[in-house]
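Peer 1: Here the protein sequences come in this chain order: A and B. For the first sequence, my numbering puts the final residue at 178, and the numbers step up evenly by one. For the second sequence, my numbering puts the final residue at 329, and the numbers step up evenly by one.
Source of the hints: derived by calculation from the structure; they are not laboratory data. Here a beta-carbon is modelled for each residue, glycine too, at the ideal position from N, C-alpha and C. Heads up, a few of these hints could be off.
Quick list of simulated restraints, FRET-style, between CB atoms [said to hold, decoys possible]:
1) A:A157 to B:K123: 38 to 46 Å
2) A:A11 to B:R182: 50 to 58 Å
3) B:V256 to A:T74: 48 to 56 Å
Taking lysine-lysine and the DSBU-like style, the derived pairs with C-alpha atoms no more than 35 Å apart in a straight line are [claimed, not checked]:
4) B:K285 to B:K33
5) B:K113 to B:K33
6) B:K37 to A:K122
7) B:K37 to A:K80
8) B:K37 to B:K123
9) A:K122 to B:K33
10) B:K47 to B:K113
11) A:K80 to B:K47
12) A:K80 to B:K155
13) B:K41 to A:K80
14) B:K155 to B:K218
15) B:K113 to B:K123
16) B:K218 to B:K41
17) A:K80 to B:K255
18) B:K123 to A:K80
19) A:K44 to B:K41
20) B:K123 to A:K44
21) A:K122 to A:K80
22) A:K147 to A:K122
23) B:K37 to A:K44
24) B:K42 to A:K44
25) A:K80 to A:K44
26) B:K218 to B:K123
27) B:K41 to B:K113
28) A:K52 to A:K122
29) B:K41 to A:K122
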Amino acid sequence: MSGTERTLLTQAQMAAGVQALAESILAANPGAACIALVGVFTRGVPLAKRIAAEMEKLGGIQVLVGTIDITQYRDDLNTFQMVPKLEGSDIAFDIDDLNVVLCDEVIYTGRSVRAALDELLNFGRPKRVQLAVLVDRCGREYPVQPDFSALKVALAPGERVAVRFTEVDGQDACTVETQASTR
Amino acid sequence: MTPRKDLLDIASLTDAEIAFVLDNAVPFKELFKRSVKKVPTLKGQTMLTLFYEPSTRTRSSFEVAASRLSADVTHFDIESSSVVKGESVLDTVETLEAMRVDYIVVRHKQAGIPNLIAKNTRASVINAGDGWHAHPTQALLDAFTLREIHKDLRGCRALIVGDIQHSRVARSTSLIFRRLGMQVAYLAPGSMMPREVPEEIPQFGNWRDAFEWKPDVIYLLRVQGERMDEPFIPSSAEYHRNYGLTDERVKVLRERGLHLMHPGPVNRGVEITDAGMNYEKCLINQQVENGIAVRMSVLYWLRPGAVGSGAGNLASNPAVSHSAT
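Could you build the full structure based on these sequences and the hints that come with them?
Peer 2: Right, here's the structure in full:
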């Protein structure tokens, strides 16, 4: 593989980041009896599950977890060389009047979040939707900002944040890869 | 998965492509449980149905599928169009090309017409049935329906019953079943049995022998009177007695726990009875529901203007004429 790769967060920092996100979400939703975390495929899903586990440890609140597949909501779907396999969204609870936190590993342009909001709102009318990310790498193209982020960092356009989770990738890692973009 | 431009038959699909379409149909079906059954996938695109033969469920199924993908849907009305005045298929295609439609769903009594259209348009063409040749989305929805029952279809046995010779459904469905590792047998009167049947497909002339083969699913075909130039059976009553799923035979299905399929629409009292329609393991309604999900999956996969065409081998089919109307 050409290009360079440098660590953005160590495994310990990733774990601490997840815990901090859990604490921030609880602090920002006082009095809520129930919060729903909805992970965006692919790596928003393990992130949501980990934040949920931390929130349950802290206690005092019911935490629901769902997943969302934004493939069909992407504004660049027609430009893909390959047609992506669909995972499908799985939100097995009623989101009406719930506080929902969308979880994604990285926010960059904000386009994925726009797509996720469109899909989420097909499931109902949440009381409030917030956004939690592990890494906010700046560079927004849409007016969308995260409510919670473990790390905020400004990167050059040619750089790519790669977050890996054991559940999906066999290991935890958060790095910056510098190479020509393939997208 | 690499997108293809057209879906013209099952024979030209790879195993991976069949699996891709079937797998993606699962999340599409999940969508039907929601209050909003729609995704924006084909927003701004147009699907046109071009049916030179009558159709009840296939055309509506495509229209519902496209609507749920947010495509605009329109129908080219053959009856009231210049086609009845002798406009050739290619003239019609040229007109559609000028309208810049993105997907054309074609049904025609002559085999090969969808292939001909596909070669002459940038739009993605889906064969919704051409003569005795192919009906690929029916085959895909049949495979999807059976896969919901048996997770692994390998070794599963399907008995296809009826007018196999004149049935594009039998052709496409038996092909996809075998591609998925199933065993297929035919039960038909001699006049409805194809002249050349692959060696590995057992042929039966009566239900007793066919039941002894121990099928897991019975796939009834509609007796297609309108596609026969001459009567192949003395009467529908005799067909029913000898080859139909009589109430007595439904009892056998129930005793053995066999599933029942039919592509619809059914001829009650000919190939099936009320008892068959009401049989608890009759999958006809699931086939209809799954047809929408599978067609959504096909539309999602195909891409207008893509390089790969699904044009299969038409060598065994009647010649395709450019002057066909």
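Peer 1: Now, for every hint given, state plainly whether the structure supports it.
Peer 2: Going down the list of hints, with the structure as the test:
1. The beta-carbon spacing between A157 of chain A and K123 of chain B, approximately 44 Å, falls within the hinted interval of 38 to 46 Å.
2. Between A11 of chain A and R182 of chain B, the C-beta spacing of about 56 Å keeps the proposed range 50 to 58 Å intact.
3. The given range of 48 to 56 Å is respected by V256 of chain B and T74 of chain A, whose C-beta atoms sit roughly 55 Å from each other.
4. Under the criterion of a C-alpha separation no larger than 35 Å, the hint pairing K285 of chain B with K33 of chain B is consistent with the structure, at around 20 Å.
5. Distance check on the hinted pair: K113 of chain B and K33 of chain B sit about 31 Å apart at the alpha-carbon level, within 35 Å; holds.
6. Among the hinted pairs, K37 of chain B with K122 of chain A is consistent with the structure: their alpha-carbon atoms are about 22 Å apart, no more than 35 Å.
7. The straight-line distance between the Cα atoms of K37 of chain B and K80 of chain A is roughly 21 Å, inside the 35 Å bound, and the hint therefore holds.
8. Note on K37 of chain B and K123 of chain B: the hinted pairing is violated, with a Cα-Cα distance of about 38 Å set against a maximum of 35 Å.
9. Annotation: proposed proximity of K122 of chain A to K33 of chain B holds, straight-line Cα distance about 28 Å (limit 35 Å).
10. For the hint linking K47 of chain B to K113 of chain B, the alpha-carbon distance of about 31 Å falls within 35 Å, and the restraint holds.
11. The straight-line distance between the Cα atoms of K80 of chain A and K47 of chain B is roughly 19 Å, inside the 35 Å bound, and the hint therefore holds.
12. Of the pairs offered as hints, the one joining K80 of chain A and K155 of chain B holds, with about 19 Å between alpha carbons and a cut-off of 35 Å not exceeded.
13. Among the hinted pairs, K41 of chain B with K80 of chain A is consistent with the structure: their alpha-carbon atoms are about 19 Å apart, no more than 35 Å.
14. With a CA separation close to 19 Å, the supplied pair K155 of chain B and K218 of chain B stays within the 35 Å bound.
15. As the CA atoms of K113 of chain B and K123 of chain B are separated by approximately 18 Å, the hinted pair is consistent with the 35 Å bound.
16. For the hint pairing K218 of chain B with K41 of chain B, the CA-to-CA distance comes to about 40 Å; that exceeds 35 Å, so the pair is violated.
17. Annotation: proposed proximity of K80 of chain A to K255 of chain B is violated, straight-line Cα distance about 42 Å (limit 35 Å).
18. Restraint check: the Cα-Cα separation between K123 of chain B and K80 of chain A comes to about 28 Å, which is no more than 35 Å; the hinted pair holds.
19. A hinted pair counts as satisfied when its Cα atoms are at most 35 Å apart, and K44 of chain A with K41 of chain B qualifies at roughly 27 Å.
20. For the hint linking K123 of chain B to K44 of chain A, the alpha-carbon distance of about 49 Å lies beyond 35 Å, and the restraint is violated.
21. The hinted pair formed by K122 of chain A and K80 of chain A meets the criterion: a straight-line CA distance of about 32 Å does not exceed 35 Å.
22. Restraint check: the Cα-Cα separation between K147 of chain A and K122 of chain A comes to about 27 Å, which is no more than 35 Å; the hinted pair holds.
23. Restraint check for K37 of chain B and K44 of chain A: satisfied, since their Cα atoms lie roughly 24 Å apart, inside the 35 Å limit.
24. With a C-alpha separation of about 27 Å, the suggested pairing of K42 of chain B with K44 of chain A holds against the 35 Å cut-off.
25. Proximity of K80 of chain A to K44 of chain A is assessed by CA-CA distance (about 22 Å); at most 35 Å being required, the pair is judged to hold.
26. For a cut-off of 35 Å, the pair hint linking K218 of chain B to K123 of chain B is broken: about 44 Å separates their Cα positions.
27. This hinted pair checks out: K41 of chain B and K113 of chain B have alpha carbons roughly 33 Å apart, not beyond 35 Å.
28. Distance hint between K52 of chain A and K122 of chain A is fulfilled; the C-alpha atoms sit about 24 Å from each other, no more than 35 Å.
29. A threshold of 35 Å between alpha carbons decides the hint, and for K41 of chain B with K122 of chain A the separation of about 22 Å falls inside it, so the pair holds.
Figure legend: structure checked against the earlier numbered hints; hints not met, in rising order: 8, 16, 17, 20, 26.
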